[in-house]
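Next come the chains, spelled out residue by residue.
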Amino acid sequence: MDEPQHTALSGVVVEEHVFFTFTALCRASGADAAQLQAMVGEGLIAPTMSSGAAGAGRYSADSPADWQFSGDALPRARTALRLTRDLELPLSGAALVMDLLAEIESLRSRLRTAGRLP
Amino acid sequence: MEFKDYYATLGVERTATQDEVKRAYRKLARKYHPDVSKEPNAEARFKNVAEAHEALIDPERRAAYDDIARRQASGQPFEPPPGWDSGFEFSGRGGDGRAGSPDADFSDFFESLFGRGGGPRGGPGGPGRGREDMRRGGGSARPEQGGDHHAKVSIDLLDSYQGARRTMTLRMPVEDGQGRLMLQERQLEVTIPKGVREGQHLRLAAQGAPGHGGAAAGDLYLEIQFLPHPLYRLNGRDVIFDLPVSPWEAALGATVTAPTPEGPVQLGVPAGSSQGRKLRLKGKGLPGNPPGDLYAVLFIVLPAAATEAQRAAYQALAQAFADHEPRASLNG
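Protein chains in written order, with my numbering: chain H, 1 to 118; chain R, 1001 to 1332.
Treat the hints as calculated values from the structure; they're not laboratory data. Any given hint could turn out to be false.
[What the hints assert, rightly or not] To spell it out: a stretch of chain H is covered by chain R in this simulated footprint if at least three of its residues, at any positions, have a beta carbon under 8 Å from a beta carbon of chain R; those stretches are:
| hint | segment |
| --- | --- |
| 1 | 11 to 23 |
| 2 | 36 to 42 |
| 3 | 63 to 70 |
| 4 | 108 to 114 |
[Said to hold, decoys possible] Derived, one-sided and incomplete: chain R residues facing chain H with beta-carbon distance under 10 Å:
| hint | residue |
| --- | --- |
| 5 | R1026 |
| 6 | V1153 |
| 7 | D1156 |
| 8 | L1158 |
| 9 | R1180 |
| 10 | V1196 |
| 11 | H1201 |
| 12 | P1230 |
| 13 | G1272 |
| 14 | G1276 |
Every residue gets a Cβ at the ideal spot worked out from N, C-alpha and C, and that includes glycine.
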């Protein structure tokens, strides 16, 4: 094993500063094109805009090459993949689990905000 | 190398049918899956369960494992096949060693028996193990960008307030001159930006797997986890803590010294405050645009009447509040 290389790096916050093209999101999430399209179809992730189409802010369902995703699509796609793979769920089931998890998180955050109860 | 009892991990008998193995896995997967579970060590538990399932659900693997297990039981030490340690793994580890990769590979024990890249996780589209192996094995001359990698890093609340640097050690496979895969250790010094929140991800460009045929390297993604803090709770950018006050401070108002992540401040408790009242320190939450707020949640601490003088003080209170009926709301 070689001597460790030492590299100083700055991280970019994905959720705030990163946009993904369709292929970049495939690579980053580990999903293949069909899985990612199915997630869009299920409403799990949504293209924010279409870089090529004329109507800004809208995306065309049949031209994934033009799709663009905001950074939070990455953790959502990865969570959906893990749930479908590890719990053998269909994508619709994973979507339901993720909706319920979001609801639990919002209830938990209300508890955290409420403070210690007597 | 540690021998793993996969039957014990799944809680099934050695004679269990494939259906029973599957059922046990599903039940445990629901309980420990790191995306849904709040159990302690859910991630490590789930990894063990998934590995045991992967080993036992495939009849050929199960037969091979049973064979090894029989020899183990008869007193022969477990000897892995030659070359078991030539594999590689990817794991991200913070300087404190508390962070690990969520898609970390199975144990050395598993890989010594079954190799790498087997099973559904290595299949097309699976985000987990084996993808790199298959790409490398293909011998394709077509330039291909390296795969993206994922790891986790744990930080303290103060790291988000102030920004921080973390030294991470990554073990990455690289090809040596003869086309063999070697593990190379790399140290990355990562700047954690101010204001980063729980669950967010950092992208480190070109720090993933190396590309092939002159193509660019993949990226490395770090998931931010906050280590639990004894005082502060988080809600997005807002930071919350409990502020204990005495009954007279709450009733009469007071100026108290309160901790904040950036140091103690003088905080005015308004007269007539009740239990659970939130005092907001605007902009004193996690930095950002806009920054979060810091909330002190009042928690009234009732002292016990231990001495004669203290009992007298409560009695005086009772006389002064003769009209007070705390249970008025119960009387309909």
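TODO: Starting from the hint list further up, note which numbers the structure goes against and sort them upward.
DONE: 2, 3, 7, 8, 9, 12 and 13
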